[in-house]
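**Q** Residues per chain, in single letters:
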Amino acid sequence: MLLSVEWLQEFVDLGGIDPAQLGELFTLHVAEVDTVSEPGGGWLGVVAGKVLGLRPHPDADKLRLVTVNDGAREHEVVCGAPNVDVGQTICFAPEGTTLPDGLVLTRRKIRGVESAGMVLSERELGLSEEHEGILVLDDVIAAGTPAVEFLPGGAVIDVDNTAITTRPDLWGHYGAAREFAAILDRPLKPLACGAELPPDAPQVAVAVACPDLCSRYVGWAIGGVAVGPTPDWMRLRLEQAGQRSINNIVDLTNYIQLECGQPIHAFDRRQIAGGKIVVRRARKDEAVTTLDGVARELPEGACVIADSERVVAIAGVMGLDNSDVREDTTEIILEVANFEMTSVRGTAQALGLRTDSSARFEKGLDAANVPVAARRFFELLKQLCPDAHALGGPCDVAEPMEPARVIDLPAGFVAHRLGIELTAQQIDKILERLGFVIEENGSDRRVRVPSWRAGRDVSIPEDLVEEVGRIYGYAQIPAEPLRGALEPVPEEPARRARAVVRAALSDEHGYSEFFGYPFTTADECARAGVEPGSLRLANAEQPGLDLMATSLVPKALTVLAQNQKYRAEIALYMIAPVFAERAGQLPEETERLVLVMAAPDGVPALCAKGAVETLVERLRLKGARLTQQEGPAYLHPGRCARLGRGKMDFGWVGEIHPKIARAFDIEGRAALADLNLTACYAAQGKESKMASISRFPGVRYDVSMLVDRKTPSSEVASALRKADSKLVRSVALFDEYVGKNVPEGKRSLAYAIEFGAMDKTLDTADVERLRASVDALVKKRGWQLRS
Amino acid sequence: MQSDAILDEALRAIEVASNEDELQQLRVRYLGRKSPLTALLRGLGQLPKEERAPAGAAVNRAKQSVEQALDERAAALRSEKESAIADTEWFDLSLPPPPRLQGHRHPITILEGELDHLFRGMGYRVVEGPWVEDEFHNFDGLNIPESHPARDSWDTFWLSDGNVLRTHTSPVQIRAMRRFGAPLRAIFPGRVFRNEAVDATHEAVFNQLEGLVIDKHITPGHLFHSINAILSEILNEDVTTRFRPGFFPFTEPSFECDILRDGSWMELCGMGMVHPHVLRAGGIDPEEYTGFAFGLGIDRLALMRWGIDDIRWMNSGDLRFLEQF
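Just so you know, the sequences run in chain order F and R.
In terms of the working numbering, the first sequence opens at residue 11 and continues consecutively.
In terms of the working numbering, the second sequence opens at residue 53 and continues consecutively.
Don't read these hints as lab results, they were simulated from the structure.
Positions of the beta carbon are idealized from the N, C-alpha and C atoms, including for glycine.
One should not assume that every hint holds.
Unchecked claim - With the Cβ distance kept under 8 Å, some of the chain R side facing chain F (calculated, not the full set):
(1) R157
(2) I160
(3) T161
(4) V179
(5) S199
(6) R203
(7) N247
(8) S278
(9) N280
(10) E308
(11) T342
(12) R372
(13) E375
Please take these sequences and the hints and turn them into a complete structure.
**A** As structure tokens, this is what we get:
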């Protein structure tokens, strides 16, 4: 919303405050201002001048040489404007002036004739886009008067539209002026609306068939209209507020909208069949052509304005090209109405046609403003068209107004909530400046909310706290430290456990954490051999990327392949929930871990398994075992292990299946682990107590044996541990061998076993007995001892 | 040969020994089983009884002296050698170390961890909530009813089951209030989702941290102080802030906080006093308790802190980015 400071000044005295300061005040007390622009900053040096003489340019038909008196001396300048004439008062920029667009005027030759400055158009002054001719000023302005003293406006305050979406009253200059009046404690001048509306019988009949969509409609026939140019003062205000000038009648409707915040529309009375206005819902398959020349199909049920035959406007959005004001229009039917916000918003969205009008209606406008805007229109119309006259009275069809909202405000409530000392008088005064009406009720107050704030904006005592606080100034509220009981702050178990997982992977195993979207595609799932879930995005922006992930594996495979473009060694992990739809409740979110690893010089599956083993230890998943077995489709059937405890599945680790790797363009052997962290967190055991350490030395016994190719070394190791439950201290594999001297289908495993006791040094007889029991065990399991 | 003479000879030999090996040979020669001093000890039995003791003592003294001389010479040789290692043992320490994968945490994890630490130190709980929320927690309970135009301003990802991907971490406010009651100090960090176009400064999936304090007689002054303290801590400088009116459906009054950066005000975060409707949705009596809430964009802080040039790196999974943190 662009606010012209000059326009605001019509309603409140802003003297003595520079525009940047006004912008800051608005930001600090009302809503954020994006920028304050001051085209006047570029008028330094520009003065009023009188055109004394005019002669042709010797070498150019379209250029003329103009003699200008700037109040001190005469200059001759080259000018191409067709409307320049002797006796005019114009804006003159001598050489050296910096124009608003940054151009610095220097003395230069134009087609051979030297020009000592420039006679300016509105565009060159930064006032508008107008540059057909020069700006001609009122002759009462004396030559030499600085431009800042007579050019309109100057500063424009650009308020961030998103900051005033709940303040429909701020979408007009008068509402903004009211805020400045409250902030500065200066009087707000009334809006000049002229006399009461004439009580004559209306010459237009208004029928509202859908009062739920239109709570008030004023239709008013007005004659004596002469469509023509708009006076400069109004045109320039409109330009400052970002509105292009069209003709005086259309401009006036825009002017009222920008002043009162109330959109209005003017129909050519000739085009309104039967002199009848009907507000109704659009029927199925109604098609129209809007003012912008676009043919549109109306959404069924949208609120429209019709005459006795056809639709003439889409309520609150845009008029149609069948009934708008034309150059030869002499009589109009004025529409000032209050349309229901969600209906207008829905229609504008359905049509993809958001207009200045719909943007206002969708915020919920004040129905009480309707007759005010109608009267203001008529008052100003008489200035633009002296012959304008009402054709009968306005036809005002109104639903009963809601009674004014009253908020009971207990004594001390506002000061207590703001945490500062404020007297009742201070509070009353601030609220009254904003248009609230205060009724004393003992020391309590009954506060009547003005109609223009009664939408969603102000309805509870806390809203009044905000009104008082912001006008009083938040900068005046001292910062104060929190006080309260000192209590320990327990950490959420899942957060603690997740930190353990990250430390194990990032700090111990060299994995890097990545984040990603929780969405996947059917194609990605299919390539990963993962079953897609039923839960999907209902309004996905990117086609295809619409499934909620049931597994992190597809994403991890994609990311692994992408990284292979830059890196050979890759170790990555992600922790995120996956989703399973549940009828009648929120989807089940299961936190999972996926890790991927590629290491051309190593055995990725073993590295990944090592990381999983660390997690088992760090998370204290007591009793959790890795068992080699065939698993999910994305893992290599011969290089895959399940992490579980009894029937409880924690997840899988192994090499990525070559088929899946190919589907994702993953190069070489790579590994993946996919764990259910929610289950892991729930299975965390207690911390162990320290295990006693023997003071007596141990004895090492190396044993080597042949086992079947697929006998897991871990199975052998745990068997060896059972050779003596007390005296076997440790069993460690130190060699695996397949090749010469090892028969086909077998492999050789060698373990270092340490024997030791807690209470003595083992003697030769003990050691012999232990060795014998190891050897016996190996034989019993069918493994072949090698000497 | 008498022990003194042997000793003299040994000491002279030790004196000129030039390395460990020579010393070892001398040790064998003068202290070993075949050494003259050992021979003298063996011959003690043939001496007259009264001479045996003094002669034995003399041999033992000589042996100890040789021992000591050997040790001293060895120490001298070692230290001589070590004084030269600057040259003799120099190697290129600028060579790359043996390869070892270095792991990294995601920058958001790093920042969130620091914030977790900071807030827990100030007595805030850290509470998480689901990524998928129902309309009540994401909208209605936060004073955003269905017809409210504010619903449009959150570009929401709707799911096929009628739920939404949470558009903010605010729903956790309600969950935490119901779980813990009042008084309450808590932060809610986590992933949030907006169905909007992605560019260098806008992500559809990003991270927020919301804070909530509820107690008897909490005022805007408490909020302003907390925000100043928190921002000073996070940005590691004494920040200059200002608070101005803002609009959020779930707070009343609402504020925006600007921070002074390079002479101009930069909008940093939104906040306000918890709306009574929200307190009631959380099962807390707004007549008895008041509170404040604030929201921080963690990605935004990360971008500022590390000078990250494009927010899309965050969800890229690209190691070239991840390994910088």
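**Q** Decide, hint by hint, whether the structure agrees.
**A** Hints, one by one, checked against the model:
Below 8 Å, beta-carbon pairs count as interface contacts, and R157 of chain R has one with chain F at about 5 Å; its hint therefore holds. Restraint check, I160 of chain R versus chain F: the minimum CB separation of about 7 Å is within 8 Å; hint holds. For T161 of chain R, the shortest C-beta to C-beta distance to chain F is roughly 6 Å, which falls under 8 Å, so the interface hint holds. Here the hint on V179 of chain R is kept, as its CB sits about 7 Å from the closest CB of chain F, short of 8 Å.
The interface hint given for S199 of chain R is met, as the beta carbon of that residue sits about 5 Å from the closest beta carbon of chain F, less than 8 Å. For R203 of chain R, the interface hint is violated, the least distance from its beta-carbon to any beta-carbon of chain F being 11 Å, above 8 Å. Taken as an interface hint, N247 of chain R checks out: its beta carbon lies about 6 Å from the nearest beta carbon of chain F, inside 8 Å. At about 6 Å, the closest approach between the beta carbon of S278 of chain R and any beta carbon in chain F falls short of 8 Å, and the interface hint on this residue holds.
Given hint, N280 of chain R at the interface with chain F, holds; its Cβ is 6 Å from that chain's nearest Cβ, closer than 8 Å. Satisfaction of the interface hint for E308 of chain R is found here, the shortest Cβ-Cβ separation to chain F being roughly 7 Å, below the 8 Å cut-off. Checking T342 of chain R against chain F: minimum C-beta separation of about 7 Å stays under 8 Å; hint holds. Because the smallest distance between the Cβ of R372 of chain R and any Cβ of chain F comes to about 6 Å, under 8 Å, the interface hint for this residue holds.
Hint status for E375 of chain R: holds, given a least beta-carbon distance of 6 Å to chain F, under 8 Å.
Comparing the model with each numbered hint stated earlier shows that hint 6 is the single one that does not hold.
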